Every structure is written in structure tokens, then in C-alpha cells.
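Undergrad: Here is how the chains run, residue by residue.
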Amino acid sequence: MKELEYPFDVKKILSGKIKLRRLLLEKADGFIEKRIAILGGGTTSDIKDVMELFLLNQGIRPSFYESEYNQYYQEAMFPTEEFIKFSPDVIYICTSNHNIERYPSFSDSEEYVDQLFSEESEKYCAIWEKLEQQFHCPIIQNNFEMPAYRLLGNRDAYDYRGRTNFLMRLNMEFSRQASQRDHLLLCDLNYISSDYGLGKWSDIYYYCMYKYAMHIEAVPYLAFQAANIIKSLFGRNKKGLVLDLDNTLWGGIVGDDGVDNLAIGSELPKGQIYTQFQQYIKEYKKIGVFLAIDSKNDYENAVAGLEHPDSVLSKEDFVSIYANWEPKDQNLLAIADELQVLPESLVFIDDNPAERYMVEEQIDGVSVPNIGKVQDYIRIIDRSGFFEVTSLSEDDQKRVVMYQENAKRKQMQMNFSDYGEYLQSLEMQAVIREFDKVHFSRIAQLSNKSNQFNLTTRRYTKEEIEGIANDSSYITLYGRLQDRFGDNGVVSVVIGQIEGKNCHIRLWIMSCRVLKRDMENAMMDCFAARCSERGVGQIYGYYYPTRKNGMVKDFYKEMGFEKISEDAVFNTVWSLDIAKGYQKRNKFILVDF
Amino acid sequence: MSREQLYVKLNEVFREVFDDQSIIVSDMTTANDIERWDSLMHINLLFAIENAFEIRFDIEEGLILQNVGEMADIILRKCNDN
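Protein sequence lines correspond, in order, to chains A and B.
The opening residue of the first sequence carries number 1382 in this note's numbering; numbering runs sequentially from there.
The opening residue of the second sequence carries number 257 in this note's numbering; numbering runs sequentially from there.
Looking at chain A on its own, in the form it has when it is part of the complex (with noise of 0.2 Å):
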């Protein structure tokens, strides 16, 4: 929805939060339902009901539990029953510099004041860690706003009584134990209020009439960076940005000013801008976006701009390039297609207006950011949050050259007459084990993004697949597959819950960029193969329909079970009778079991 969009329309959110969120709930269905604690320093209503339409607007549903005003520390540390039975799936801890208990005064001596630090800090740390024992789940905590006034002016900033110093020394702990803590998780409100301004920001206006820590205003804000994070933990970040190439890239038009007239490279102000904007662009690639092209231009112009001597971005930065004269939704559809990754996924950049409106209009979903004028296009994607990174798992790292290799695989695949011929040439290698240490993050990750190739849509966290790895009532499988272009790192997934005789699969997930290469039945031998060993003579598989899983409706019928039930939303349920053995499926991947 536009107007949760960054640059957003403050005073829409705020006057209409209750008519935006009923069409956020009429427009879309097929949401991520997640329990959201938040324990408060000040009011937070409005930051709650913000965040849940910019939440909406991802396709999560949140329900809340509001601690009572300003209880965060009493709540945390002695939680009430409602909280405890709430079971939050993360909680966020929206405190202010206004809940600094006491700051130092000009009378404090220098060990007094690290010793008011370090209860501030500590209380802190006792939050968390009673947290984290009693909910095992991602913990956001705000860091602090720079003060409202400077007595000592600049000097506040390094004389150890000053405020700010106070304030900032408190950051870098916090800074400290979030990158040593596995749950906890900052939101910094250091960096959004200066970069809203932090004049307005601490207005004390709305803290006086109504213990806002903020300015009204300030608020969507705030409540959309959280919204960010939230998103970002349950897998609905973008993975990629498909960009247009002239005045977009570079300035001119390459077709019609050739290649030397471009305005890239830093002799001209012009050029500059655009060398900067390349060089952002750039660094995506190594937190795992991946970049495409798709331009309005004959495919050697296209190529003839990459090379500019002064282009800091080359072809092989992109993993697909569409440079033609169809329109540009329908190539965006393609790279999708090629990538095999949902339209959704992607941003769509063009200095175009009519282009983008095309793109939005055709496609469901994508984002289509108002980018502005070429100085503006980094902070507006920057501000936007749509790849919020959370956690960098060594596999996000090695995303980009895993779709390259898609896209190699997909015109390797061109060549082959048979596709039994093909599988085989991939050389494709399995290794499939029970859920370890390790690999947990990347499990949770994959169940919370796996839309398509996902027959019960269960999402979990990493606490509760750490549960599940430790239950012995439970077959845990996942499964790692190698191919001669590269290794596609974890792609599927199956939890089977054993009760007597039988095992039902609560979960079972593939990853979509490795569809239709025999993965799926080599997860089934092992998982067959597991429950025999289990004395399982009955599996039974659930498929329930989204608005994006139609794919796998059949899934279970392809593997072989029988169909036993089905409801009246078309729930179905099959199964599978093993007693008296089974018949390995799996031909094309040698695996390690």
C-alpha cells in the first residue's frame, strides 16, 4: 500500500490508522500470524498500532500484548501470567532516554558516574537475560536517543558528566551485548531520531500531554523501523533489485548519446552522482542481493553502457540482464522466472515514472519505490528497509552466486533434449542429517520463507526448532544439495512427529531454486528410511492450501500416498503405508545419509 511506503504521508497514517488497517485486512489474505510483546517505557499505543498496519502491508498479522505503562523493567523481570501465556514469537522493549533512572550531575565524581552506568547498563542485561531464559525468542530493544539539551554544549559529548557522553556510552554497550547475544536484536533509535532531527523529535510537547517519547510525527518512524526488523526475522525481506539502466544507472540515454556522453565518472557533478549511486548499488552484493537489468534498449547498447570505462557496475554484476523493447513487467515476470524466485521478492528501480506505474500496475506486490531525483534515489531505497538485515548467515553471503548459477543451470538445461539426461549431468550431491547446532537459524529462516514449496505453512522459530531437534518424539531431516555449478547450501526440510506406530509431517519445505531435480524424493528415502528404523509402519503427509502453495496440492499423491480425507477449505490429508516396505524413489543424487 503506497502510503505505507517510505517516503510516507505522516499525517494519513496517524489521522486514518483505523481505515488503513481495514483495508489492509480486506486486501489480502494468506497472512503470517505472529505474537508481538511490547513492554513500554512510555505510551505505546500508537507505535503499536502503527507498526501493525506497516506489518500488514508484509503479509504478517500481529497480535499484541501492551505492557502496562512504563512497566517494562517490572514486567520483564517478573512477568504476569497474560505475558507468560501470551507466548510471545519476539518481543520488543520500546524505552527512551526518558527512562534513564539518574543521569550524572556536575557534582559526581569520576567513579561515581561509571558506577551509574553500569546499573543503567546492568538493569538492561537483567532484562534480557531473564527474558531470554523465560521465552527463548528475538528480543528488540531500542538504544537511546541523543539528549534534548546539552548543558556543557560540545563538551557533553566527552566530559564523563556530560549527558550525551552518558547516553552514548550506554549505546556502545548496548552495541556491545547485542552482537555477543544470540536473541537480542537493536533498534536504533540513536541513528532514526537524528536522521528525523532530533529538534522535533523531543518536542516536549507529547511527552508532557501524553508520555510520548517522541513527537507525534516521529512516530511512524519508529514504529517502521521495528516493523522492519519483525519482517526481516520471519523472512519477508526483498532479495533483489531489478533496475532500469538509463538516467537510472547513468545519466543520458545510451542509445541515442552513445556510450562517451553518458554522464558517469568523476569529472562532472553529474557523473559523480551517478558513480556514487553505482557504488551503493554494488555493496548490495555483499549482503546477498542479487542485481538484474531490465532496460528499454537494444541488448548491445545495454552492454556498450556496462563497459564504460567509468562504470563501477560490469555485467558480471548482474545475474540476468533484460535489455529489449518488451515491456518492462513482462521482463521483470522473466528474471523472476529465471531466478525462480516470486515477483514479490523484488525491487523494481527506474527513474521512470510511467514505467514504474506499468510495473506496480501488472504486478502484484513487487515494490516500486518513488525514487525521486537521481540525489535522492539512496536514501529513499536506503530509508525503504527492504533487505533489513537481521542475521548474516554464511549462506546469505553466497546467495548471489547461487543465483548466477540458476541462471546457468537454466541455459544448460536449454541444451539437453531429455531431462533425465540433464539431472544427471548436474552431478548432484545430498547431504541429508537430522537438525543440528549449526544449521537451526537456517532451518528457522527457511520455514519462515518458504511460501511456495510448503505443504503446512508452519513457521518456526529457531528456539522451537531447537525444541523439536531435542524431543525425541520428532524425525528432524534436512537436506544440503551440491551440483557440479556450486553448492545451493540447506534447501529442504521435514519434521515428522512420531505417536505409536504412525509419523505425521507437520513440516516439509523446499527451497524453489531447486525444484524438480529429484530433491524432494531423496528427502523422502530418508525419511522413509528413519521411520522404518523407528518402527513406523504409517506416515501420514497434511497438505493445507495458501493463496501461494497450489504447487505442491499434489505433492503427496506424486510421493506415492493415498488421499484419506479432505475437508471443506480443501485440507487434505494422505498416507502412506510402509510396513511392508518401500520403494526407493530418488535416481539422479547420490546422497550422504
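Derived from the structure by calculation, the hints contain no laboratory data.
Just so it is clear, the structure is predicted and the values come from calculations on it, not from any experiment.
There could be a bad hint or two in this list.
Not the full set, but computed from the structure, chain A residues with beta-carbon under 7 Å of chain B [said to hold, decoys possible]:
hint, residue
1, LEU1395
2, GLY1397
3, ILE1399
4, TYR1591
5, ARG1764
6, SER1806
Residues of chain A clear of chain B, computed beta-carbon distances all greater than 10 Å [as the list claims (entries may be wrong)]:
hint, residue
7, PRO1460
8, TYR1577
9, ILE1654
10, VAL1684
11, GLU1688
12, LEU1896
What follows is a list of derived Cβ distance ranges for each label pair [said to hold, decoys possible]:
hint, chain 1, residue 1, chain 2, residue 2, range
13, A, ASP1757, B, ARG259, 40 to 48 Å
14, A, SER1772, B, LEU296, 32 to 40 Å
15, A, GLN1653, B, ARG259, 52 to 60 Å
16, B, ILE330, A, GLU1449, 30 to 38 Å
17, A, ARG1483, B, ASP289, 39 to 47 Å
18, A, ALA1949, B, LEU332, 33 to 41 Å
19, B, SER278, A, ARG1536, 54 to 62 Å
20, A, GLU1742, B, ILE330, 39 to 47 Å
21, B, ILE330, A, SER1444, 34 to 42 Å
22, B, THR286, A, ASP1584, 25 to 33 Å
23, A, ASP1757, B, ASN307, 20 to 28 Å
From the three backbone atoms N, C-alpha and C, an ideal C-beta is built for every residue, glycine too.
Following the hints, put chain B in place on chain A, whose structure we already have.
TA: Frame of chain A, contents of chain B only:
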């Protein structure tokens, strides 16, 4: 601005804030008459009124504005002062 003109605009604000096209406010309307009008939505309501009429409520006014008649008096005074 006349009181009638003010009410046309004020009514729009109420309808937008509470997402209810059937709302008709008058001098006698109080928070009890509108289901979602609680102390927290009151903040959003005052914010929307401030924007619609391009005024700012003073810190002592925000708390007493519990019925629409009083609200209209203050808005009118502020608008005509501008």
C-alpha cells in the same frame, strides 16, 4: 469561518479518524457517543483536527476538550485569530 462551515469540516475529520461515514457530530456530542473515542484515540483526533484546521492546541486545551461543543469554540477562536 462560521460555526456551520466549521462543523462541515469537523465532521469530515471525525469520519476519517474513526473510519465511520455515519458519524454526525454536534455541540452535544461527547466521547461516550462514539465507540472508539477513548483517551488514546483522542490523541489522534486532536492531531487530525490540528492538521485539518492548521492550528495548534495549547497544552492546557488538549485535556479539557472532552465534548465537541467546547472543541468547536476553541477551533473557531483559533481560526479567526489566525
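Undergrad: For each hint, tell me whether it holds in the structure or not.
TA: Here is what the structure says about each hint:
{"no.": "1", "hint": "LEU1395", "in the structure": "6 Å, holds"}
{"no.": "2", "hint": "GLY1397", "in the structure": "6 Å, holds"}
{"no.": "3", "hint": "ILE1399", "in the structure": "4 Å, holds"}
{"no.": "4", "hint": "TYR1591", "in the structure": "5 Å, holds"}
{"no.": "5", "hint": "ARG1764", "in the structure": "23 Å, violated"}
{"no.": "6", "hint": "SER1806", "in the structure": "59 Å, violated"}
{"no.": "7", "hint": "PRO1460", "in the structure": "24 Å, holds"}
{"no.": "8", "hint": "TYR1577", "in the structure": "17 Å, holds"}
{"no.": "9", "hint": "ILE1654", "in the structure": "35 Å, holds"}
{"no.": "10", "hint": "VAL1684", "in the structure": "51 Å, holds"}
{"no.": "11", "hint": "GLU1688", "in the structure": "52 Å, holds"}
{"no.": "12", "hint": "LEU1896", "in the structure": "43 Å, holds"}
{"no.": "13", "hint": "ASP1757/A / ARG259/B: 40 to 48 Å", "in the structure": "44 Å, holds"}
{"no.": "14", "hint": "SER1772/A / LEU296/B: 32 to 40 Å", "in the structure": "35 Å, holds"}
{"no.": "15", "hint": "GLN1653/A / ARG259/B: 52 to 60 Å", "in the structure": "58 Å, holds"}
{"no.": "16", "hint": "ILE330/B / GLU1449/A: 30 to 38 Å", "in the structure": "32 Å, holds"}
{"no.": "17", "hint": "ARG1483/A / ASP289/B: 39 to 47 Å", "in the structure": "46 Å, holds"}
{"no.": "18", "hint": "ALA1949/A / LEU332/B: 33 to 41 Å", "in the structure": "58 Å, violated"}
{"no.": "19", "hint": "SER278/B / ARG1536/A: 54 to 62 Å", "in the structure": "59 Å, holds"}
{"no.": "20", "hint": "GLU1742/A / ILE330/B: 39 to 47 Å", "in the structure": "45 Å, holds"}
{"no.": "21", "hint": "ILE330/B / SER1444/A: 34 to 42 Å", "in the structure": "38 Å, holds"}
{"no.": "22", "hint": "THR286/B / ASP1584/A: 25 to 33 Å", "in the structure": "29 Å, holds"}
{"no.": "23", "hint": "ASP1757/A / ASN307/B: 20 to 28 Å", "in the structure": "25 Å, holds"}
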